[in-house]
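If you're matching them up, the sequences are chains A, B and C in order. If you read the first sequence in this note's numbering, its first letter stands for residue 11, the second for the next number, and so on. If you read the second sequence in this note's numbering, its first letter stands for residue 907, the second for the next number, and so on. If you read the third sequence in this note's numbering, its first letter stands for residue 144, the second for the next number, and so on.
It is worth saying that the hints were derived from the structure and are not from the lab. Incorrect hints may appear among the rest.
As the list claims (entries may be wrong) - So, partial list: chain A residues that the calculated Cβ filter (under 7 Å) puts toward chain B:
#1 E119
#2 S126
#3 V144
#4 F145
Here a beta-carbon is modelled for each residue, glycine too, at the ideal position from N, C-alpha and C.
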Amino acid sequence: MKDILYMVGQYIRHHRVKTIILVLSISLIIYLPSGLRVVVNESAESLISRAGSTPLILGAKGSPLELVLNSLYFDTDAPESFPYKEYLRLGESPEISAIPLHTRFRAGEFPIVGTSMDYFNYRNLTVASGENLVFLGDCVIGFRVAERLGLEPGDSLISTPSSVFNLAGAYPLMMNVQGILAPSGTPDDESVFVDLKTAWIMEGLAHGHEDLQQDGLNGSVLEREGDNIIANASVAEYNRVTESNMQSFHFHGDPGKFPITAALVFPGNQRAATLLEGRYLGEEEVVHLVDPVEVMEELLGTIIKIQNYMITGIVIIGLSTLATTVLVFMLSLRLRKKEIETMHKIGGARRRIRAILVSEILSVLLMGALISLILTTLTAHFGPAILKGILLGGGA
Amino acid sequence: MIPIDMRHYRFILPVLLVLIAGCGQKQPASETASQDQLLSVAVVNYPLAFFAERIGQDLVDILFPVPGGTDPAYWVPDKQGVTAFQSADIILLNGAGYAEWLNTVSLPGSKTVNTSQSISSRLLMEAEGVTHSHGLEGEHEHGNLAFTTWLDPRLAIEQARSVYEAITREIPEREAIFADHFHALEQELMSMDAMIEELVSRDPGKTLIFSHPVYQYFTARYGIPALNLHWEPDQVWDGQMARELEQIRHGTDAAWMIWEDEPLPETVSRLRELGVESTVFSPCANTPDAGDYLEVMKQNIENLVPVYDPDLGTR
Amino acid sequence: MIEVRNLQFEYPGREFTLRVPSFDFPFGSTAAITGPSGIGKTTFLLLLAGYLVPGEGKVTINATQLSEMNDRERRAFRIRHIGMVFQEFELIEYLSALDNMLLPFRITPELELTREVVERARDLSGAFGITGLMHRNVRRLSQGERQRVALCRALLTKPGLLLCDEPTGNLDPVNKERTLDLLMETVQQSKTTLVVVTHDHLHLTRFERVVDFPEISQPLTAHKEEGGDRP
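The whole structure should be built from the sequences, with the hints applied where relevant.
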């Protein structure tokens, strides 16, 4: 056996380029369909499982896919927002519980998720260091956010203005990092969580400033209309919530009209779910309920269809590549005819000579298979994250 | 201390009997619950603490961290206080904008119960109060609702009902017991309502002056015309107060001042000189020094008797 | 003793038939086979080696009848007892000089590649003056060096019979002389029987016997030899 392997080794060493090309061709033939299947299956599983833990999602009428992707993964463009009173409507039924979401803002590359503390229980998120949300202006960050920005509890994190053309509207808020979540292997690791009210501060719907009734601030008063004081633009607003200024923070306008981007809905039973779905069938409703599993299955169905077409294409190309590989082997044998003849002439055993030739082919096949196995394993590990990144596209 | 005419006992006795009977109705729990089975109930004011205690009794552990002497509506918790609320099984909110600190903290929505959700259509706006807005086109700061909802016994019943439903959702197997407790409380509140209604009916339309505008639900319930000042019970009498009183009384025959707490004796005598008698009607927002919510309300009713039934004795 | 009786061989599909009615050659001596191109000298050599099988007649090498053996037995006999040297050297291009010498030991279970064999290869290389080239790829050797590697390969198995087909045909006169000297010296020392097909008349005197192939064969038809017969 060692003589055969020696001869094969020497042959391969001498014909490196040809061998590498053959090995790569074979590895690609095997890897492409298997890798594709692995990445799609792993991604599908993870996408469906995250969707599966959310029975229903309430959102503004529009693209169900956009709503589901943003509500589950945060990293896509936020869907149209809808009034907070629609979320409060859900609370009218004791059999329905819900969690509001607001995802219109980012802190650099990371989405800021305005929500309630129930979100952490729902997603089994625990605080690994520091504490959970307590006061307005607090944030709790995923461990990847902490890692990449080098943040610890007690540090600050500033939100990114949603538009440089509307600085007066949505202004950046310096958030107080209260805690860092334990790794969960989900998009929550790359998100910044705040109380919904803190998100409304970023919207410009709530703010803090000095008391306009106090003496010394008359310069900030534009006029008085009955019991209402109209302030002018010189009123300095706080861009950070601190212990000393917290009580000055207040809301302007009716909170029922404040925006949220989604509500995760948990009906207590099927009857409650059916009644709820019926409620939103009317044309006059500004919101609709979507089943995230259905939406993801539709998306994945499309992806799987594409996958199947791609695999068919790859198989066809693979067959032609295989045919070319066989041709290369046959030509190689023809080129080695003289060498083979010499071995026969000097008395080489027919079986041994055949074994040497076959082993060269098997070695190439084995190396190709090994490389494709390594690539498939790497794909199984990294591929789902890459595919998710492609699917979700990254939010602005 | 304001002297009480013994003839008041004629009226008081039936009230006492009902209230004492009600107090005695603290139902024993079918078993004594161990500490770790207790439902932890955090509340924002004393009336809700009372309702939760009366309904849940041995099966609930009430968390009401507001220190005595502090108005719970304006209390601001520290971090420990907030995390204590976050850890409770149920967080009972008064609703109607009560406790502004709720706007600056994070609480789990699934645990919070707005006890005035079911009566939201009956909430009243504050008649007075300064708001502000930014720019000529800006939205006003969110308007203030009056929040002493428990001073209307009928609204208090609905709040108590919310408490009962919330506690029952957590411990459904005890529903029958909680229902009994709630109905007993309901009866007492309805009796109280009937008493007050009957008392006020003796002099309907009588205008009263209130030291603070915190009696909106009480005056609305019983149709009491109200004039509101912003006086503290421990405020020292001065000329400004006299002028404010004169201004507010002008054109009315208001002759009684209703205080949240005992005023200074000098203030009482100054008012008397100006033809205004004083009595106390405690809103009972925080834990009383003595007694409980019903006992305080009992005392409040007693204190109103001379207002509406002068024949029972003058001061 | 090499014995050939009534040998007849035809290449399938070709108009060439080789007939050798009788040929004897004692072991331990040297013989040169001469004759014009295309008359079957190389074919005869391959028949003696047992690589080609005669249609009729028999070939006996030292009392072993090759024509009675099956393919596996002939190969085994050939690789153990017969060394072969070709005009084109027929070295394996992707192996070094040493690996080419050791080739017979790698392509059959009949021979075992031991340390002793490797030492013997070094000794032979030394005798042929190519010790320093042992680890060099044969493509980087001169013609003379390549032929010496081919000789070492053939002699390494200590064959009783060495068959050479135009071993110096592609060499220049200097290398030709040198190669022949080495060859003769080696076969004399090891008492190896040597049969060489050659066109080189200048060196025929070095052989104990010179066989004019047309005298021992009776080809019915001839074809032009181009670099040696091929089966």
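Okay, the hints, checked on the actual structure:
For the restraint placing A/E119 at the interface with chain B, the shortest Cβ-Cβ distance is roughly 25 Å, beyond the 7 Å limit, so the hint is violated. Interface hint status for A/S126: upheld, as the beta-carbon distance to the closest one in chain B is roughly 4 Å, under 7 Å. A hinted interface residue such as A/V144 counts as satisfied when its beta carbon comes closer than 7 Å to some beta carbon of chain B; here the least separation is about 5 Å, so the hint holds. Annotation: interface hint on A/F145 holds; nearest CB of chain B at approximately 6 Å, less than 7 Å.
Comparing the model with each earlier hint shows a violation of hint 1 alone; every other hint is respected.
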